[in-house]
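S.K.: Single-letter residue listing:
Protein chains: 2
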Amino acid sequence: MRIVSLAGGIGGARFLRGLKAAAPDAEITAIVNTGDDITLFGLRICPDLDTVMYTLGGGINEEQGWGRADESFTVKEELAAYEVEPQWFGLGDRDLATHIVRTQMLSAGYPLSQVTEALCARWRPGIRLLPMTDDRVETHVVISDDQGRRAIHFQEWWVRLRASVPAERFVLVGADTAKPAPGVLEAIHDADVVILPPSNPVVSIGTILQIAGVREALEAKTVVGVSPIIGGAPVRGMADACLAAIGVETSAQGVLELYGSALLDGWLVAEEDAGVALDGVVVEARPLLMTSLEAARDIAAAALDLARSLREKKEAARGAGTGRGSA
Amino acid sequence: MRIVSLAGGIGGARFLRGLKAAAPDAEITAIVNTGDDITLFGLRICPDLDTVMYTLGGGINEEQGWGRADESFTVKEELAAYEVEPQWFGLGDRDLATHIVRTQMLSAGYPLSQVTEALCARWRPGIRLLPMTDDRVETHVVISDDQGRRAIHFQEWWVRLRASVPAERFVLVGADTAKPAPGVLEAIHDADVVILPPSNPVVSIGTILQIAGVREALEAKTVVGVSPIIGGAPVRGMADACLAAIGVETSAQGVLELYGSALLDGWLVAEEDAGVALDGVVVEARPLLMTSLEAARDIAAAALDLARSLREKKEAARGAGTGRGSA
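Line by line, the protein sequences are chains A and B. Going letter by letter, the first sequence gives residues 131 to 457 in the working numbering. Going letter by letter, the second sequence gives residues 131 to 457 in the working numbering.
In short, the hints are calculated from the structure, not lab data. Quick caveat, the model's predicted, so the values are computed rather than measured. Here a beta-carbon is modelled for each residue, glycine too, at the ideal position from N, C-alpha and C. Hints may contain errors.
Claimed, not checked - Computed cross-link-like contacts, SDA-like style, restricted to lysine to any residue with a CA-CA straight-line distance of at most 25 Å:
1) Lys443/B x Glu346/B
2) Lys206/B x Arg448/A
3) Lys444/A x Val412/A
4) Lys206/B x Val214/A
5) Lys206/B x Gln217/A
6) Lys206/A x Met235/B
7) Lys206/B x Ser237/A
8) Lys206/A x Ala152/B
9) Lys206/A x Glu207/B
10) Lys206/A x Trp218/B
11) Lys206/A x Glu346/B
12) Lys206/B x Gln194/B
13) Lys206/B x Pro216/A
14) Lys206/B x Ile168/A
15) Lys443/A x Gln234/B
16) Lys444/A x Val214/B
17) Lys351/A x Arg448/A
18) Lys206/A x Glu192/A
As the list claims (entries may be wrong) - Here are some chain B residues pointing at chain A (derived, C-beta under 8 Å):
19) Gly172
20) Arg174
21) Val214
22) Trp218
23) Asp223
24) Arg224
25) Ser237
Extracted from the complex, chain A is given alone in its bound form (with noise of 0.2 Å):
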């Protein structure tokens, strides 16, 4: 089976890990956001990307959720006795060494795409991580403090503003001309099912789906989504700053319209959300905590039986035997 899943940081990753567990034969191929990729220190860093990998390659800092296990700050620490900026973002060690590979593979020539790939020959993910676009796209935040009126890259909305000022809007620079990967509207097309995991649906999912090509491959797909929200409050991260900045309720529900049935097939949502509902979308309500690997396997499963079962259904209406089995 061919399942593409699209993906965040923290949380992508996490659904993807249990995605592989209970789908160990599959074909997957996860489409990484890349808007919140950052050039620091002359160093290009993809959070998202770095976080699916280290995640699913076994060197991910667990409880953290991001960044490398068993990780040191020397460097970091060097860098702001020589007083430079910015100060706030978390760059271990181990970390480093990928943004310096990534870096000087991107300076030579090659395209973030072939730069993943060569990255994870060493983790070996076990499935394959594309990045959305092999194009500079960066997600800016526009806020108003004491500075007045102005944009920011979304990092340092994210990590050293902790989303503390409100966005009053995200300018995805970059986007309008940025092209899909080589290999996504491939993978996407060929895929039996796509998954939404419960990733940000504003600055990770909704990222995605602005490049061009995107949206309208996923349309074509039988498309099943988890919710991120649950009884009103993000699962973590803190994308209810991200829905409040486009007039989106932070709900099932409100996801759920935001994504609209063009898009989705199935929802999963939590129990406690049962009840969410949208014409041409069918709902599910499961336990989506993913407070282990198995929880996370069994959410990745109940999506996956979902969209194979819709999947399906799409086949029979359309007359049987047309399509590549489902299997």
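Place chain B on chain A using the hints.
M.R.: Chain B alone, transformed into the frame defined by chain A:
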């Protein structure tokens, strides 16, 4: 008093520390070799500038003579885990921050001389450090081995091969067009005396002398050198391998003749090398082993005393009272 000193790495750095102790009130400018500089992993590394900066700034690994005290090698281990080359360069975590700041500033358009000044704002070496040039100049070494006759970067010959393969010759890539860094010729012009520390006469001092205008500017000054060779062997490092490549005997006499009387006014040799002589150069024999800061200070003081007395004699010979005061 204004003193100019040329300098390579470890020997030059330790001598400069002694010079600063011997003349605490002097304005000392060190013109530092950059022919050893190398770009590794996309980072610009200036081994001699860093060794001088760390040594005078209190950050050096004293035992080793280069690199940072209390150093760790996490990033290097991680780079090796990615199987990226080269793995023979001793890239420490603390040291790495210096290379990151330097590379970022260079990329932003600052010349190396300004970058060096910015780095020294942290280290406060107490003397002025100038790279010999802001232009890219790199010493390459022509060798013949089982891969045939080829030129490799000096660092590869020095660090990876430990100068075990004979150098056929040195090629200073970029030297023909390199200009002295801002301040270099001015510092020499304004100097009361110039001291050549016991740095490598071929790939450190010899390299600096190849930058346009430097040798000529020095020849107009009172210059005293300290022999890097004691009793036919280099005090440290592998200067013999470098001298052999240019057909110069590894001896205090050989290096004296290499520098020549057009450049040198005085030459300090070790007591066992008493007898070394060259027309037009005053030779003095002294203990020359820099076994401690005090020993380095005493050697520097002797070089300085000799230089001052030679300068006074020169001025007296030219007719009294025309020069700047020598104290």
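S.K.: With reference to the structure, classify each hint as holding or not holding.
M.R.: Comparing the hints with the structure gives:
no. : hint                : verdict
1   : Lys443/B x Glu346/B : holds, 21 Å
2   : Lys206/B x Arg448/A : violated, 57 Å
3   : Lys444/A x Val412/A : holds, 12 Å
4   : Lys206/B x Val214/A : holds, 22 Å
5   : Lys206/B x Gln217/A : holds, 22 Å
6   : Lys206/A x Met235/B : holds, 17 Å
7   : Lys206/B x Ser237/A : holds, 20 Å
8   : Lys206/A x Ala152/B : violated, 36 Å
9   : Lys206/A x Glu207/B : holds, 17 Å
10  : Lys206/A x Trp218/B : holds, 24 Å
11  : Lys206/A x Glu346/B : violated, 44 Å
12  : Lys206/B x Gln194/B : holds, 18 Å
13  : Lys206/B x Pro216/A : holds, 23 Å
14  : Lys206/B x Ile168/A : holds, 23 Å
15  : Lys443/A x Gln234/B : violated, 56 Å
16  : Lys444/A x Val214/B : violated, 48 Å
17  : Lys351/A x Arg448/A : holds, 14 Å
18  : Lys206/A x Glu192/A : holds, 21 Å
19  : Gly172              : holds, 4 Å
20  : Arg174              : violated, 10 Å
21  : Val214              : holds, 6 Å
22  : Trp218              : violated, 16 Å
23  : Asp223              : holds, 4 Å
24  : Arg224              : holds, 5 Å
25  : Ser237              : holds, 6 Å
Consistency note: the structure conflicts with the earlier hints numbered 2, 8, 11, 15, 16, 20, 22.
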